[in-house]
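Could you build all of it, start to finish, from the sequences and the hints given here?
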Amino acid sequence: MARSGPYDLNVHCIPESGNTIEEVVAVAMRLGYSGIAITNPDTMKQLPLSGNVEGFHILSGVEIRADNASKLHGIVGKYRNKVDIIAVSGGSESINRAAVENPGVDLLLNLNIAQDSGFNHVLAKEASENRVAISFDLGDLIHLKGGSRVQAVTNCRKNLLLIRKYNVPYVLTSNARSCFDMRAPRELAALAALVGMSGEEAMAGLTTIPHSIIARSRPPAGYISEGVQLVYNEADTGNIDEGDC
Amino acid sequence: MKLLPPTLRTRTRYLAFEAISQDPLRREDLIRELFSSAGSLLGDVGASECAIRLLAFEGSTGVIRCAHDRTDRTRAVLASISTVKGTRVIIHVLGISGTVRGATIKYLAGVDVFNPKDSHI
Numbered sequence: 001m002a003r004s005g006p007y008d009l010n011v012h013c014i015p016e017s018g019n020t021i022e023e024v025v026a027v028a029m030r031l032g033y034s035g036i037a038i039t040n041p042d043t044m045k046q047l048p049l050s051g052n053v054e055g056f057h058i059l060s061g062v063e064i065r066a067d068n069a070s071k072l073h074g075i076v077g078k079y080r081n082k083v084d085i086i087a088v089s090g091g092s093e094s095i096n097r098a099a100v101e102n103p104g105v106d107l108l109l110n111l112n113i114a115q116d117s118g119f120n121h122v123l124a125k126e127a128s129e130n131r132v133a134i135s136f137d138l139g140d141l142i143h144l145k146g147g148s149r150v151q152a153v154t155n156c157r158k159n160l161l162l163i164r165k166y167n168v169p170y171v172l173t174s175n176a177r178s179c180f181d182m183r184a185p186r187e188l189a190a191l192a193a194l195v196g197m198s199g200e201e202a203m204a205g206l207t208t209i210p211h212s213i214i215a216r217s218r219p220p221a222g223y224i225s226e227g228v229q230l231v232y233n234e235a236d237t238g239n240i241d242e243g244d245c
Numbered sequence: 001m002k003l004l005p006p007t008l009r010t011r012t013r014y015l016a017f018e019a020i021s022q023d024p025l026r027r028e029d030l031i032r033e034l035f036s037s038a039g040s041l042l043g044d045v046g047a048s049e050c051a052i053r054l055l056a057f058e059g060s061t062g063v064i065r066c067a068h069d070r071t072d073r074t075r076a077v078l079a080s081i082s083t084v085k086g087t088r089v090i091i092h093v094l095g096i097s098g099t100v101r102g103a104t105i106k107y108l109a110g111v112d113v114f115n116p117k118d119s120h121i
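In order, the protein sequence lines correspond to chains A and B. The first sequence begins at 1 in the numbering used here and counts up by one. The second sequence begins at 1 in the numbering used here and counts up by one.
Hints were generated in silico from the structure; no laboratory data involved. What you are looking at is a predicted structure, and each value in this text was computed from that prediction instead of being measured.
One side of the interface only, derived from the structure: several residues of chain A facing chain B at Cβ under 7 Å: (1) E23; (2) A26; (3) V27; (4) R30; (5) I142; (6) C179; (7) F180; (8) R183; (9) A184; (10) E187; (11) A190; (12) L191; (13) A193; (14) L194.
Note that beta-carbon positions come from the ideal geometry of N, C-alpha and C, so glycine has one too.
Written out as structure tokens, the structure is:
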């Protein structure tokens with residue numbers, strides 16, 4: 001079950017980056033996060049520190065970098081029951097399309113890199129239906145310079161337009177490769193404001209939307225189905241009433 | 001020099017921040033990085049509107065002044081700083097106040113130096 005504070009669902013540690021999971025967690029706690037998801041490409045080499053550390057929530061994750069769309073579904077199926085967060089590194093339109101069509105995928109990352117983000121209204125509709133969240137990788141706004149940063153901002157702005165139109169879930173992430181790449185939640189919100197995101201939208205992308213992603217991959221006790229909750233349970237007659245929330 | 005009447009003075013906010021880095025930073029290097037980062041993110045005009053100025057910087061904490069309606073832009077500028085003279089750094093804004101005194105008392109009192117390499121969880 002997710003805690004109430006902000007989450008960064010795309011953080012890397014050893015061996016993907018130069019920092020141990022302890023250093024990354026220490027920085028995240030200092031910056032005011034309630035939890036992070038470690039999304040290294042290969043989970044087999046990952047350190048087995050997971051769960052809760054003194055009130056901090058560490059989620060396991062995987063970042064899938066597939067070469068072609070047909071392989072992607074197999075890899076997603078392989079990891080679905082092993083990790084909490086399945087992120088797909090986007091790029092070409094065919095990979096993005098396969099990712100948003102698979103309800104097992106939680107996040108679609110790295111849409112800023114190419115000149116065209118490979119994300120459009122058709123994919124936005126699919127992402128909305130399958131509840132695949134689009135990630136705003138704000139680390140790109142920090143580390144890219146010059147023309148490529150201009151391109152990243154443009155892509156973010158385009159994606160924001162589609163996300164508003166089709167009600168696609170989205171998250172703000174640092175895409176941190178090192179513990180010094182992380183930024184506090186309010187700083188990420190300020191960077192998101194540069195591409196036209198309002199403060200409320202940014203906070204939703206850091207808190208409520210990540211919470212719903214975590215709740216979906218880790219259903220709490222008594223979970224029935226999306227949008228359904230047990231309102232009334234008359235145990236002596238065995239009469240169960242399921243109400244829509 | 002005559003002081004401006006209160007209604008004509010520019011309104012400012014003060015950001016208390018800490019710099020998280022492995023090695024200690026020098027004030028001059030931080031100032032240089034601050035202005036080059038503001039220039040590249042917002043351009044000269046945008047940076048001038050923010051009116052960023054580093055007031056105090058000691059140890060790992062400090063106070064930055066900015067225009068009262070540009071606190072978000074200033075935060076974004078601080079977030080976009082990734083290295084200061086080759087040292088990796090996170091500028092973490094601890095709080096915003098209307099006075100230097102408020103920012104110092106509320107947010108900087110009792111802040112310890114944080115280094116991710118020394119932390120134990």
